[in-house]
Amino acid sequence: MSDESQRIPVDSDRDVVRVRQLVRTFAVTVKLSLVDQTKIVTAASELARNTLVYGGGGEVEVTRVQNDRRAGIRIVFADQGPGIADLELALTDGYTTGGGMGLGLSGARRLVDEFDIDTEPGKGTTITIVKWCR
Amino acid sequence: MERVPVLKIGDILLVSIQIDMEDQVALQLQDDLAEKIVTTGTHGVIIDISALDIVDSFVGRTLANIASVSRVLDAETVVVGMRPAVAITLVELGLSLPGIRTALNVELGIAMLGTRDHSDLFDDEDEDEPDPVVVTTP
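So the protein lines, in turn, are chains Y and P. Using my numbering, the first residue of the first sequence is number 1, and each one after it goes up by one. Using my numbering, the first residue of the second sequence is number 1001, and each one after it goes up by one.
Not one of these hints is a red herring.
Just a few of them, taken from the derived set where beta-carbon distance is under 8 Å, the chain P residues facing chain Y: (1) 1020; (2) 1024; (3) 1058; (4) 1093; (5) 1094.
These stretches of chain Y come out as covered by chain P in the derived footprint (C-beta under 8 Å, 3 or more residues): (6) 17-24; (7) 34-42; (8) 45-53; (9) 103-112.
Treat the hints as calculated values from the structure; they're not laboratory data. Each residue gets a CB set at the ideal place from its N, CA and C atoms; glycine is no exception.
Here chain Y stands alone, though its shape is the one from the complex:
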């Protein structure tokens, strides 16, 4: 299903910028429309920042994916942080524990085609998102 992927650690503000740039490169390669490129890069920026701020750092993997109909881009954000105790609450617009606007998680979910969270208190969080070419 996948043909190429790249991983980068997320341990600083600078790494969040690197994630944005890497996702942009992949988005251009799979020929996402300009609006969809903007959406996936924005979603990646939100989630990479969450990995850094809430997860205490982690790793991001960007993969070019292909199903029988179309190409796309899959991004996995993984951290070994505290995990999310109340997922439903965390996905609510405006809910934040970090002093932000509470739009990172809920907003990022709206910007992508597929969104999956695997989290458990004390066991870290892994979020997978996919954006397909139209």
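Starting from the structure of chain Y, add chain P where the hints point.
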């Protein structure tokens, strides 16, 4: 750390963001602008984001904070040059930037701030003697 330059032109502070900002750079810009508004006594701030290919919630919040802080310091902020794809994404993200004035480009942004006197910015016309307003009744 990189820094976004703040230029003073007449009664306006002009900021053109040309780099993919780290969060710390955005926060530094917020501090620099507040400082500069006070030291220069300017009443308008224009932030050109036409070079930004995304605005996420952090940058959006920083822009909103800059606008609020400026207002408290007696300066109006106009954000100009947002790309269409950025606008679409911001709204879908859930950020409609309430409280932020926007214009399509720097020129329109300056015009928007024009309720204050910026005549010193435009030297192509002699504005020292404004034309007398003539009111005629038909």
